[in-house]
Amino acid sequence: MRVPEKYYDEKFDFRGEWDMLSTCGLKIVKKASKDIIVVTELYQENPGTSVTYAGSSLLLQICEAKGLDLNRVIYVECNPDTRSKLSFYNEEYFFVQFREKDGKLTDPSYKQMTDQEICDLIYG
Amino acid sequence: MRETIKMKLIYPRWEKLRGQTTFNLPPHGPVVFAASLPEHVDVSFTDENVESIDFDEECDLVAISMMLSTQVKRGWAIASEFRKRGKKVIFGGIATMLHAEDTIHYADSVFLGESEGRMEQVLKDWEKGELKKVYNYMGKLPPIELVGPARRDLYKRELYNHKGVQMVDLFHASRGCRFSCYPCAVSYLGGRAFRPRPMDKVVEELASIENNRLFIVDNSLAQNKEWEMQLFREMIPLKKKWISHTIEDDPKILDLAAQSGAWYVYQAVYDTSDYIRERIKRYHSYGIGVEGTILLGLDNQTEDDIKRLIDFLLDIDLDLAEFTVLSPFPHTKAYDDLLRQGRIFDHDWDHYNAGQVVYQPAHMSPEKLQELYDYAWSTFYKDESQEEKMTRLFIKVMMREMEDGTWVPRDRRLINKSFGKDIVRTIGR
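The listed protein sequences derive, respectively, from chains B and Y.
Going by my numbering, the first sequence opens with residue 1, and the numbers climb by one from there.
Going by my numbering, the second sequence opens with residue 1001, and the numbers climb by one from there.
Just so you know, not all the hints are guaranteed correct.
Distance condition first, Cα-Cα at most 27 Å in a straight line; then the derived BS3-like pairs of lysine-lysine [what the hints assert, rightly or not]:
#1 Y:K1133 <-> Y:K1201
#2 Y:K1307 <-> B:K101
#3 Y:K1252 <-> Y:K1016
#4 Y:K1133 <-> Y:K1156
#5 B:K11 <-> B:K104
#6 Y:K1252 <-> Y:K1307
#7 Y:K1133 <-> Y:K1225
#8 B:K104 <-> Y:K1225
#9 B:K11 <-> Y:K1252
#10 B:K11 <-> B:K30
#11 B:K104 <-> Y:K1281
#12 B:K11 <-> B:K27
I should point out that these hints are in silico values taken from the structure, not numbers from a laboratory.
Note that the structure is predicted; figures quoted are calculated from it, not measured.
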């Protein structure tokens, strides 16, 4: 169940839950108005915490490592198509937003994106 | 000489699923943990599923070992009782790892990860009054060679006995799992690499277990064919009879498994394909029984699909079936997916027992899925109860034991006891 490389530009190592070494696929698309971060779950190639469970911690680590301004990023989680026979591993994209509370990003909300929406976001 | 530390080791109880036959097996996690303790620790073990806890028993330190999400709330309550009495409480085990953020609030310390080679330091810290709030060994796996023989001497054997019949002993030959299945958190807990124990240690421990009947609790034995075949070859002279999760679907392996005493295996049945039908037949052709494990409520299942699946199970001659509903345990893909979709409506860990619906299924209401779960159990066991089917499997293993001279008659002293409690017989009244 290897994740095709088309989903990411690089593999990004991050500190997962309890500082576990974790890895995700990362694509950053810089645009005039916003920077788009797409994190991709790598399943078997990720030895630690999933991108969803890592949540805002992963977003903050990416912004810090890549020098991105948190206030101008659009954050997207990707479940890649792994060509599995199981429908649970179909391709899905989610637009993720966090709420700021006591200086922390919390309470993620997810909106599933259509193929058209993700295309427009990245290539539009 | 070092002063002895008296540790009270507790395995919290959980509510058993209604309608199912309750078998209390001797728990594995606590006695594997106990094997990692230094020699100067004197352990007293209480499995609350079969006996009550004496909160006033003299001890220096309390350790609570939790395997299931349905144990965590009870574990927290137990910790509170001991802490009220001034005892320090440390938590460990896989459910502690899954629920660590919450467990910290009820603990003096939580231990995350595998304990081999690490407890000496934890106990030194405790002796100095410097117990850390978190011992974080997540992802830092100790050498597998350090896994020692489980401390089965800690069991009160008569409590794991039903009408004179000893329950199976649990054993593990490996840790970790190279698979990362949709509803499973094992890859997060034990690493995504298969880690077999050294074969000589495996055989030595197997030979030391007095019980002839075992449940090999490895996540999956079907991870490496060569290793699996070697394991079965080594087991043949031991004449054990065993249960396990899935084994490789390969004639050579099935043959060796049968020779080494495979009694029955758990096999996931996820569709009504000929592949599954033939696979069950192949197990049976080698004399290996099959308990189907059927997960209900996946997003690709409609009500009709579930009913068809249950009809199929009756048709393929399964020896036993165990139905569960999907429980989105933390650190599983199921949890991530359902969380993102806002479909988890119940966050009470007592309800994460694989028998209660805690999320919105894709093609039906939660109530309908709950109803189908009950329907699955009642339909499969309509003509022959779970206990009757179990008895049939039991007779098969007894026959094999009689053939190879390993059969041990039931313990007549415990014939009127079930897991430590008196049996009330109603026949003849």
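Would you check the hint for K104 of chain B and K1281 of chain Y, treating anything up to 27 Å between C-alpha atoms as holding? violated (56 Å)
27 Å limit on alpha-carbon distance, applied to hinted pair K1252 of chain Y and K1016 of chain Y: Answer violated: K1252 of chain Y to K1016 of chain Y is near 38 Å, above 27 Å.
Is the hinted pair K11 of chain B and K1252 of chain Y satisfied, with a Cα-Cα distance of at most 27 Å? With a Cα-Cα distance of about 40 Å, the restraint between K11 of chain B and K1252 of chain Y is violated, given a limit of 27 Å.
Pairwise hint evaluation, K1225 of chain Y against K104 of chain B, where the allowed Cα distance is 27 Å at most: violated (48 Å)
Given the proposed pairing of K1133 of chain Y with K1156 of chain Y, does the C-alpha separation stay at or below 27 Å? The hint is violated at about 32 Å.
Is K1252 of chain Y close enough to K1307 of chain Y, meaning Cα to Cα at most 27 Å? Since the Cα atoms of K1252 of chain Y and K1307 of chain Y sit roughly 35 Å apart, the hinted pair is violated (cutoff 27 Å).
Holds or violated: K1307 of chain Y and K101 of chain B, Cα atoms, limit 27 Å. Status violated; Cα separation ~47 Å.
With the threshold set at 27 Å, check whether the alpha-carbon distance from K11 of chain B to K30 of chain B stays at or below it. Status holds; Cα separation ~18 Å.
Hey, K11 of chain B versus K27 of chain B, does the alpha-carbon distance stay inside 27 Å? Answer holds: K11 of chain B to K27 of chain B is near 9 Å, not above 27 Å.
Is the straight-line distance between the alpha-carbon of K1133 of chain Y and that of K1225 of chain Y 27 Å or less? Violated. K1133 of chain Y to K1225 of chain Y sits at ~42 Å, over the 27 Å cutoff.
Does K11 of chain B pair with K104 of chain B here, judged by a C-alpha cut-off of 27 Å? holds (26 Å)
Checking one constraint from the list: CA of K1133 of chain Y to CA of K1201 of chain Y, max 27 Å. Satisfied? With Cα atoms ~34 Å apart, K1133 of chain Y and K1201 of chain Y exceed 27 Å; violated.
Checked against the numbered hints above, the structure violates hints 1, 2, 3, 4, 6, 7, 8, 9 and 11; every other hint is satisfied.
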